[in-house]
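**Q** Add chain B to chain A, keeping to what the hints say.
Protein chains in written order, with my numbering: chain A, 1 to 113; chain B, 1 to 114.
The set of hints was computed from the structure by calculation and includes no laboratory data. Bear in mind that the values here come from a model prediction, so they are computed numbers and not experimental data. Ideal placement from N, C-alpha and C gives every residue a C-beta, glycine not left out. Careful, some of the hints might be misleading.
What follows is a list of derived Cβ distance ranges for each label pair [what the hints assert, rightly or not]:
1. B/81 / A/112: 43 to 51 Å
2. A/15 / B/80: 44 to 52 Å
3. A/112 / B/110: 23 to 31 Å
4. A/80 / B/8: 29 to 37 Å
5. B/86 / A/26: 27 to 35 Å
6. A/59 / B/96: 24 to 32 Å
7. B/81 / A/57: 41 to 49 Å
8. B/70 / A/77: 37 to 45 Å
9. A/26 / B/28: 26 to 34 Å
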Amino acid sequence: SQQGEEDPQALSIQEGENATMNCSYKTSINNLQWYRQNSGRGLVHLILIRSNEREKHSGRLRVTLDTSKKSSSLLITASRAADTASYFCATDGLMDSSYKLIFGSGTRLLVRP
Amino acid sequence: DGGITQSPKYLFRKEGQNVTLSCEQNLNHDAMYWYRQDPGQGLRLIYYSQIVNDFQKGDIAEGYSVSREKKESFPLTVTSAQKNPTAFYLCASRSLGITYNEQFFGPGTRLTVL
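Bound-form chain B, shown alone:
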C-alpha cells in the first residue's frame, strides 16, 4: 500500500524528556510537512522540507527539531523546550513542481505529557 505512516499512534512523555515522532512515506514525494493540531483547532505548521538535508521553520517551530536524511523519512523531535507539547501531530507530503495537487496525510500521533 502506498501512503504515509506515523508511529507511534499514542505517545506519553514525562516533563523534561525529548521524544521523537516517526513519519515515513513511500509516495516518492519531495516535500514533507509536520503540523500540530490542538483540540477543536486547525492545523499549524511546525516544519517543512522540500529536499533531502534541507528544511525550513513553519509558524510554530520553537521547541521542535527535524531531520531529513532520506527522502522517505521526516522525523520530528519534541524537545523539553516545548512548554506545552500535548497535542495531535500530523505529517503530510506532496509532490513538487505541480501546482495543482493535494497533500497526503498520515494518521497522526497523539502526544500526551504526563
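Pulled out of the complex, with its shape left as it was, chain A reads as follows:
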C-alpha cells in the first residue's frame, strides 16, 4: 500500500526558478523523509523531518510538515539542471514497529537549462 501521494506528478521549470512538491499521507507518523532518484539509479536521502518539527532546511532544500493536514512540501530554490530527477516522500508510521518506510508515487521534476 502506498501511504503518500505526491503532487504534482510532473513538474517542468526553468533553471533558476523554485520548485515546490507536495506530499499527503494517511496515518500518524514518526517522521517523513524525502528522497531523490536520478533516472535508472537508486534513491538518495535528502532530508528527514520529525513529527514534532514544522520546518527544516538543508542547503537549497526547505521542507515543511503539517501533521494536522497530514501533508508535507519540498521546496528547491534556485533550481539547476542537475536537480532533474524524481522526488519521493516516505513516511515512518507512528504505530508501526517494523521500521518500514512507505513511499509515495513521486514527482518527476525537469529543470530546463
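**A** Same frame as chain A, now just chain B:
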C-alpha cells in the same frame, strides 16, 4: 567504501526461469528491504528482514522468495510464479532502534523477461 551493492546491474530471464538478485551491505545495518519499481511509479515493498534468519512479506510478496543467512546479505529470488517480473529492483537497509534515521539504497537491478 561503505554502502550497499547490488548485482547484476542488468539481468535477462527467460520465461519459466528462476533468477536470484544479490544485495550486500557493509553498513552493519540490522534491517534490509527489497522494493520493486515499475516505470514512472513509486516503490512497492516485496520483503523485509529485521534480523538474521527472519523475514516478513511486504505488499507484493507473491512470486518472490528471500533468505537472510547473514547480516550482510539479503538475496531475492524471482520465481517462475511471478507473472510480470520485468521491473527495476531496489535493495535498501537501515539501522534499527533509532526512530529518526534514513534508509540507504543500492544502485538497483533491472530485470527483463525475454
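**Q** So, for every hint listed, does it hold in this structure?
**A** Checked hints:
In this structure the supplied range 43 to 51 Å holds for residue 81 of chain B paired with residue 112 of chain A, their Cβ-Cβ distance being about 44 Å. The hint said 44 to 52 Å for the Cβ distance between residue 15 of chain A and residue 80 of chain B, and at roughly 48 Å that hint holds. Judged by the Cβ atoms, the range 23 to 31 Å given for residue 112 of chain A and residue 110 of chain B holds: they are separated by roughly 27 Å. Taken as a hint, the range 29 to 37 Å holds for the pair residue 80 of chain A and residue 8 of chain B, whose Cβ atoms sit roughly 32 Å apart.
Checked against the given bound of 27 to 35 Å, the beta carbons of residue 86 of chain B and residue 26 of chain A, roughly 30 Å apart, stay inside it. At about 29 Å, the beta-carbon gap between residue 59 of chain A and residue 96 of chain B stays in the expected band of 24 to 32 Å. At roughly 47 Å, the beta-carbon separation of residue 81 of chain B and residue 57 of chain A lies within the given 41 to 49 Å, and the hint holds. A C-beta distance of roughly 44 Å is found between residue 70 of chain B and residue 77 of chain A, which places it inside the suggested range of 37 to 45 Å.
Checked against the hint of 26 to 34 Å, the pair residue 26 of chain A and residue 28 of chain B passes, with Cβ atoms roughly 33 Å apart.
Hint compliance for this structure: every hint is met.
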